[in-house]
Every structure is written in C-alpha cells, then in structure tokens.
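If you read the sequences in order, they're chains A and B.
So the first sequence is numbered by the working numbering: it starts at 1 and just counts up by one.
So the second sequence is numbered by the working numbering: it starts at 1001 and just counts up by one.
Everything labelled a hint here was simulated from the structure, so no lab data went into it.
The structure presented is a predicted model; accordingly, all values stated were derived computationally and were not measured.
A few of these clues could be false.
Unchecked claim - These stretches of chain B come out as covered by chain A in the derived footprint (C-beta under 8 Å, 3 or more residues):
| no. | stretch |
| --- | --- |
| 1 | 1015 to 1022 |
| 2 | 1046 to 1058 |
| 3 | 1094 to 1101 |
Unchecked claim - Taking lysine-lysine pairs in the DSBU-like style, the calculated list, with each CA pair at most 35 Å apart, reads:
| no. | chain 1 | residue 1 | chain 2 | residue 2 |
| --- | --- | --- | --- | --- |
| 4 | B | Lys-1014 | A | Lys-58 |
| 5 | A | Lys-101 | B | Lys-1009 |
| 6 | B | Lys-1014 | A | Lys-101 |
| 7 | B | Lys-1014 | A | Lys-69 |
Glycine included, every Cβ here is placed at the ideal spot set by N, Cα and C.
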Amino acid sequence: AQSVTQLGSHVSVSEGALVLLRCNYSSSVPPYLFWYVQYPNQGLQLLLKYTSAATLVKGINGFEAEFKKSETSFHLTKPSAHMSDAAEYFCAVSSTSGTYKYIFGTGTRLKVLA
Amino acid sequence: NAGVTQTPKFQVLKTGQSMTLQCAQDMNHEYMSWYRQDPGMGLRLIHYSVGAGITDQGEVPNGYNVSRSTTEDFPLRLLSAAPSQTSVYFCASSFDGRTGNTIYFGEGSWLTVV
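Produce the entire structure from the sequences given, and follow the hints as far as they go.
See the structure below:
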C-alpha cells in the first residue's frame, strides 16, 4: 500500500529564509510523487511532480523537490520565502502499477514571518 | 476553460437528510475522484472512478454513494447525513489516473451537518 508522511503540520520561516517541507513516502513499486499547494478557501494546485525523468524537479513559484530513493523522501524547498508562499502544502503519491489512487499526506501549513 | 466544477459551494444539512454533491469536468478525463478534507487529516479518498460505469471505494467510503454514467459527471451522494460528515469535499480528475498524470481539483464544497 502506498502512503506519504509529512513531518511537521506547521512550519514557520522568516521572509527571505529557506523553506524546507518534508515528505517521506512508502510504496512497493516506484512511485509518482507530487506537491500541491492550497491557498485559503481554494482547491489544490500542482506545484511540481516527479515521474522518474529527473530526480531534481523544478516547479512553479521557485519551488523544487528532490527525489531520493535511498531515503524514500521527496522534500520541497525554496531558497527564499515570500509572504505570498503562506499556504498549506500537500505531498501526494500515486503508483506506477496502475492502482488508480492518489494518496495525500496530512499537509503542512507554512507561515511566513515578516 | 472551466476544468473541474463542483456545486454547491456551501450547504447546511440536517442529520438524516440526503443530498448530492455535483462534479463535472470538461477535460475528457477518464479518472475522477472525491476527497474529504478535515483538519489534521489531509485529504482522504472517498470514491474514485476510472471511466464511465466503473467506480471503486477509497479510504473512507461509508455513508457515501457514487455513480458514473457519463465521462463528464461524477456525483457524490450522502445517503443519510451525519455530523461526522461535516467537511470540505473536493472533486478531482486526471487523464487516466496512471502514469503520473496531474490530478486537477475543483474549488471545494463546504458541507455542515447539524
């Protein structure tokens, strides 16, 4: 069975500081991995996704994530936080074996301090 | 370019009432799904469909019913509403639910059961 674990339900960073949001996955087959962002009272939008082409994936708004098979991790980073990055972030996994399920983590709420 | 459209956006139900949350997509996606979002629990998969006439259960299917008579529509029925079903519901779709396709979300439906 697939699952994702997001470490830290709340993360606070200062404006201009590094953003690091952690995601570890569990999957019996090579996974596809996603990061989504949710702004208040809105649906989820795709930030980036890993589909086995390259381990370092660049997304929108300056975010990137690195797939590390040995650590079963897919952490999201951004070099310099902006106030507009304040939102909730979700890591998700889907299987390459065609089980048709996208499984989401519990989310990390990012707060950016002025 | 509507994408995934959910209605209603807000609904208040009394315990025991039934209702249907509507979801439609105009992207010719085969895969459609319903999630519920609750604080601290992330998004949990209720039901999903891989094509017209094909549905399957997700993580939390009890109390919900779905059908998929057309590619475009995937309604979610609450059979007898309970306070535990107070949540935000998201409909989502992707091209075929496999091969790392991006899953697209609707704007959400806020349901309160009193």
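Hint by hint, here is what the structure shows:
no. : hint                    : verdict
1   : 1015 to 1022            : violated (count 0)
2   : 1046 to 1058            : holds (count 4)
3   : 1094 to 1101            : holds (count 5)
4   : B/Lys-1014 to A/Lys-58  : violated, 46 Å
5   : A/Lys-101 to B/Lys-1009 : holds, 25 Å
6   : B/Lys-1014 to A/Lys-101 : holds, 32 Å
7   : B/Lys-1014 to A/Lys-69  : violated, 48 Å
The structure fails to meet hints 1, 4 and 7 from the earlier list, while all remaining hints are met.
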